[in-house]
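Straight run, no breaks: the sequence shown in full-length UniProt numbering ends on number 148.
Don't read these hints as lab results, they were simulated from the structure. One or more hints might be untrue.
[Said to hold, decoys possible] Now the in silico label distances, taken between C-beta atoms and shown as ranges:
1) A117 - E68: 43 to 53 angstroms
2) T88 - E68: 21 to 31 angstroms
3) Q28 - K133: 40 to 50 angstroms
4) N115 - N71: 19 to 29 angstroms
5) Q28 - D127: 35 to 45 angstroms
6) S2 - S124: 26 to 36 angstroms
7) Y89 - P119: 32 to 42 angstroms
Beta carbons: idealized from backbone N, C-alpha and C, even for Gly.
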Amino acid sequence: MSILLYEKSASCQGHLIIPFVYSVIQDQHIYSYKLLSARGYKDQFHKSENPAAIYSGSVEGMIEIAKEHLNKYSDLKEQMDNFQSRYTYKNNLIIIYECAGKYFYDHYKSEDLINVAAPKIFQSEYDCIKWVKEGLDNSNATQKAKFS
Numbered sequence: 001m002s003i004l005l006y007e008k009s010a011s012c013q014g015h016l017i018i019p020f021v022y023s024v025i026q027d028q029h030i031y032s033y034k035l036l037s038a039r040g041y042k043d044q045f046h047k048s049e050n051p052a053a054i055y056s057g058s059v060e061g062m063i064e065i066a067k068e069h070l071n072k073y074s075d076l077k078e079q080m081d082n083f084q085s086r087y088t089y090k091n092n093l094i095i096i097y098e099c100a101g102k103y104f105y106d107h108y109k110s111e112d113l114i115n116v117a118a119p120k121i122f123q124s125e126y127d128c129i130k131w132v133k134e135g136l137d138n139s140n141a142t143q144k145a146k147f148s
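Make a model of the complete structure from these sequences and hints.
This is the structure in structure tokens:
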């Protein structure tokens, strides 16, 4: 599996479109995409890979193909961007959510859309981001020590 290009992701109708390099043909990248849904597993496209079954030679083209497909086939017509508080750090995707003044997060590593977030509640978005960043920094330091 290729690395998911979280920094190039785009939000559309309650979905997060995440491009990745599907293949390389004659030094030309061919892009595909995966989706996350704000409704999670209740949505037909949650964690699906390229339901449009069309590929592109550019990230921008792939995003447009995904948006067109969602506009045509998605039953989720969210106007609110549930993925606006998303961050990438060391090739990890961190999505921060707020509910009743409390903050929590989803955490996806670069290779797959498996949520590895700890079940923890925070008082602010900043506290949440800081805690996740410290955890990733400590994890990387531990891995480096093991291989030294």
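Against the structure, test the hints numbered earlier, and report the numbers of the ones violated in rising order. Violated hints (numbers, rising): 1, 3 and 7; every other hint is consistent with the structure.
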